[in-house]
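Protein chains: 2
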Amino acid sequence: MTEYIEPSQKHLAFIEEYLQVLEKEFKPHNLYAPILYILRQPGKKIRFNLTIKACELFGGLSEDAVYSALATEVFHNFTLIHDDVMDDASTRRNQPTVHTHWDLNTAILSGDAMLILAYEILLKQKSSAIVPILEHFTEAARVVCEGQQLDIDFEDLPVVQMDSYIQMITKKTAALIAGGMYIGALSAGASPEQANLLHEFGINLGIAFQIRDDMLDCYGERQKIGKIKGGDILQGKKTILYIRTWFSLPEEEQKRFESLYLGHSENKVDKVMKYFNQVDVKSYAIEQEQKYFDKALLALKKIEVPESRKLDLFHYANNLMGRDH
Amino acid sequence: MTEYIEPSQKHLAFIEEYLQVLEKEFKPHNLYAPILYILRQPGKKIRFNLTIKACELFGGLSEDAVYSALATEVFHNFTLIHDDVMDDASTRRNQPTVHTHWDLNTAILSGDAMLILAYEILLKQKSSAIVPILEHFTEAARVVCEGQQLDIDFEDLPVVQMDSYIQMITKKTAALIAGGMYIGALSAGASPEQANLLHEFGINLGIAFQIRDDMLDCYGERQKIGKIKGGDILQGKKTILYIRTWFSLPEEEQKRFESLYLGHSENKVDKVMKYFNQVDVKSYAIEQEQKYFDKALLALKKIEVPESRKLDLFHYANNLMGRDH
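Listed in order, the protein sequences are those of chains A and B.
According to this note's numbering, the first sequence is numbered sequentially starting from 2.
According to this note's numbering, the second sequence is numbered sequentially starting from 2.
Calculated cross-link-like contacts (lysine to aspartate or glutamate; reagent style EDC-like; alpha-carbon spacing at most 20 Å):
no., chain 1, residue 1, chain 2, residue 2
1, B, Lys28, A, Glu140
2, A, Lys28, B, Glu156
3, B, Lys28, A, Glu156
4, B, Lys28, A, Asp157
5, B, Lys25, A, Asp154
6, B, Lys283, B, Asp164
7, A, Lys125, B, Glu121
8, B, Lys125, A, Glu140
9, B, Lys28, A, Asp164
10, A, Lys125, B, Glu140
11, B, Lys127, A, Glu136
12, B, Lys238, B, Asp89
13, B, Lys28, A, Glu136
14, A, Lys25, B, Glu140
15, B, Lys125, A, Glu136
16, A, Lys28, B, Asp164
17, B, Lys127, A, Glu140
18, A, Lys125, B, Glu136
19, B, Lys303, B, Glu57
20, B, Lys125, A, Glu121
21, A, Lys311, A, Glu7
22, A, Lys127, B, Glu136
23, A, Lys28, B, Glu140
24, A, Lys28, B, Glu136
25, A, Lys28, B, Asp157
26, A, Lys25, B, Asp154
27, B, Lys25, A, Glu140
28, B, Lys238, B, Asp281
29, B, Lys28, A, Asp154
30, A, Lys127, B, Glu140
31, A, Lys28, B, Asp154
32, B, Lys125, B, Glu18
Only part of the chain B face toward chain A is listed, based on derived beta-carbon distances under 7 Å:
no., residue
33, Asn31
34, Leu110
35, Ala114
36, Thr139
37, Leu151
If you're looking for bench data, these hints aren't it; they were derived computationally from the structure.
Glycine residues also receive a C-beta, built at the ideal position from the N, C-alpha and C atoms.
Kindly generate the complete structure, drawing on both the sequences and the hints.
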């Protein structure tokens, strides 16, 4: 089943080749070491894969989109470095985060360099649509920052409406997945209309993916998540689980739940999960995940390419939803 | 004399118009407020002006390069936000720095968004050379990060060679000035050869400019600098003044000077300046500034445009060197 999740050997070799150039030719070492560190961590490279598959969907060769795919992946990893600083997260993919392994200044500066590298990589893409590709990539990149800001803004609120949450994850998570797919489609010469349908697919897949990510934070296996179990709970993040539970509780319970969730009591994760289970929030989240996944498939259905070409993307997305890490 | 330093009314209006769009149409507020804050601070906008003048030198209209100029200026201000975090600087342009006025996370995230906005602005530039413009901008941006890394690396060393210092400021300061001028030249349709000569002008002007900046840190007037007097000394920065003084002292004095400079004793700035004055480091710095300025003019001389067109840039650069803030 995992063959749909990991990048192909050919693409892993392409990425490693780029990293070797970075390692050998780019100086000073202290700037690039953290970039190599995070990019060499084993990861699913979902954004890379989806960008490639978007290109292939429209009949392009994967070579037409490898730089777009790598740029999207590098941009994503840049956001991880800076987000981990903002969240003060110590572990990711079972390894120390960059600011933990090095320090704050290294995380800031290497992250900045990585964002610039994403553009440098994208500019290697030979395509007659290079300017629209750059424009769309830039739009997605900015929207990701807006999503991260909304996430931070939510920290100061006791609770947010479910549609605000969906808007936040659309920007923070789905925009880049969809943006990568959009530029992958353009790399294959897709029309803006067709690329927009694939963008819609990516947005809904991204939302479903983030809902699953929220779930895995406390219902996944620690080793597989590669982060601390219940990390979102410990940080008082406004996840779908928290929001749904809050709105499902009687008014007098909401305050108690809120104080628990935003506080730092002993066994906080267990206590919060008791509330979660009490309202069966997991079932709700699975339902919502399915709802957005179905929306994604509906968009895919509308795309005007031979049905047989949609199979690979369909399988990949399906496996992504079945993931337990 | 200052008419050559400040941007023209027309360009100030152009910048303000952009900022008003940013203010009204871009959300969430908390992400963009720090960007508006730093971009609305009165500043010399040297990089903006030089990019415009580079375009005009080759017979272009300033309209051909306004987005290139603004992108360069916005990128520069992004580096200020992140550098101020890394240096833990509390004041810039006589106002609290972004992480002081808001907080660390705001400074990181708004800085990131600003770097992306620089690309968004640059992509508005209508030019047949847009891809080379983007490539060169990206190259300069990456080199600026490398320069900042070298500056950080120097913190752990007692002293560095003068040529390492020159390399560092070439990357950290001169690369963006020269990069802006290069893309300004391309915007006017200059050939890569001619643009390279202007790049050489910009590199040497940038070096001279940074040497002057090092000098102003302790020989400038506090109010005019807009930062704490002797800030570099307090931070133990490896400036031209420190390096030259260190190498001018007898061996037995070097250790004492080094300990003083890297330590945090009372009246540190005054004590350090006594050493500076003892070896007349100010004269040396002025000499070096002049040397690089002359190199810049030599490059300008080689550029194949009517001499009369060089006058404006010559005056501007000349006034820049005469600046006392």
